[in-house]
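Protein chains: 2
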Amino acid sequence: MRTIRLVVAYDGAGFAGWQRQQNALAVQQTLEMALHRLTGDPVTLHAASRTDAGVHALGQVCVFHTASPIPGERFALAVNALLPSTVSVQASCEVAQGYLPRHNIAAKQYRYLWYTSRMPNPFWQTRAWQTPFLLDACLMQQAAGDILGSHDFAAFMAAGGTVKTTVRSIHYASVKRQGSLVAFNVVGNGFLYNMVRILAGTLFEIGQGRREPEMAKILAEKRRVEAGVTAPPQGLYLVQCWDEPFAADSLDSIVLFP
Amino acid sequence: MRTIRLVVAYDGAGFAGWQRQQNALAVQQTLEMALHRLTGDPVTLHAASRTDAGVHALGQVCVFHTASPIPGERFALAVNALLPSTVSVQASCEVAQGYLPRHNIAAKQYRYLWYTSRMPNPFWQTRAWQTPFLLDACLMQQAAGDILGSHDFAAFMAAGGTVKTTVRSIHYASVKRQGSLVAFNVVGNGFLYNMVRILAGTLFEIGQGRREPEMAKILAEKRRVEAGVTAPPQGLYLVQCWDEPFAADSLDSIVLFP
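Protein chains in written order, with our numbering: chain A, 1 to 258; chain B, 259 to 516.
Just chain A, same shape as in the assembly (with noise of 0.2 angstroms):
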């Protein structure tokens, strides 16, 4: 059996999330349907990232193992022509037996956006948190610093998380307005479940002024109750994932905006 990895760009708007269910349409198995039409054999997909439902992704990454003899690389268009047009595989290639996103992803980039105006905008509805309030960028990028290198994000991970250590190294972390969306975009080595959207529902109580910008101070009480509110799913991407460690000629390749 061959091993195929693809990179897979969605729009989370239409799907319960990136894992198969048993009663809402999940990417998995939209995606997963599409392959075996194409390869003639059931297929399960592997992925780096669970995203929840109403979450986007421009560069989620899975694996499948199939015996059609495909070129690898081929699987990206021909798979497309079998998608419904909110997914889309944006490239395909072999890669050794054994090699699973899971273990194998050593960094991943989510962006959170906002867009901020008076008057909501209907292109931006399932896209970003749509707010009223002007955010302070500079004040929220002044918090993102605070989680830069390795920390215990125990503050930061919705119950019922089951981890061996809540401990996750940060790479690059920044807050930037163009116009009127504000980003937040973050590189780890892996992420706790919900820990982007609390960071972002934290860093817009800063934005707003409502709260101090004490990532460093909420990072050391451990407690999820110091920590601000989830963030809404629709301001969230999953970006890109990295096969190797993240190092400093990586941060050429950080998209900060759609």
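Hints are computed from structural coordinates only; laboratory data are not their basis. It is possible that part of the hints are untrue.
[To be verified] Label-pair ranges, simulated between beta-carbon atoms:
1) PHE257/A - VAL425/B: 57 to 63 angstroms
2) GLN97/A - PRO390/B: 30 to 36 angstroms
3) ASP510/B - GLN97/A: 39 to 45 angstroms
4) PHE257/A - GLN277/B: 31 to 37 angstroms
Beta carbons: idealized from backbone N, C-alpha and C, even for Gly.
Go by the hints and put chain B onto chain A.
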């Protein structure tokens, strides 16, 4: 009766166009129903442009007459609370009796967007003409320059248009690339039926190198068959409308990309 002017944005993907329909949902009746609920009286809207099904607006202008005592500027926020998130009033004000967008709007900006990529992008499926061709924006820009000024645009009008004259004045026309996006922005005193989409279809063929940058020749021929295809609706945006004739200082207010 008072006359209230609205600036309206809508995502055209879910609508059968601006104009009220018998068996499909149009933007006009969506907005009229919300205004009816707000004011208690039946409302009829008059718009600057009857956008086709799938066409978007960032700054459609329309008016209605009402006896409601709500201050002009308050209508925007009040009616947004009653609208689906795909339609949003950006601004409202009271104007002089007799103001009618079809007569009073002196210039309009349209934008046509292409998303150029070998792989389709789920986020642009209903918001651009997706194409695997790498369009030559310089050639397209050169051709767009030929439509500046007053011309007979008969070659760029769809069959069925009934107008006194097919002469229109174009104040601004450009084609620019930003990453995978290519945008044709055009400002004129008026546009014939499907004129921007036929201009876009012609520019598309020029950008692919399938046609010479021969806009001047097509204008001179004045026959629809000489121009290119009608570009699909999802790439078209009504960007803004001006009450005053377009002057040099209005150039600053032209936004070229979303």
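Structure-based check of each hint:
Judged by the Cβ atoms, the range 57 to 63 angstroms given for PHE257/A and VAL425/B is violated: they are separated by roughly 41 angstroms. Taken as a hint, the range 30 to 36 angstroms holds for the pair GLN97/A and PRO390/B, whose Cβ atoms sit roughly 32 angstroms apart. ASP510/B and GLN97/A have their C-beta atoms about 59 angstroms apart, which leaves the hinted 39 to 45 angstroms range violated. One distance hint, 31 to 37 angstroms for the beta-carbon pair PHE257/A and GLN277/B, holds here, with the actual separation near 35 angstroms.
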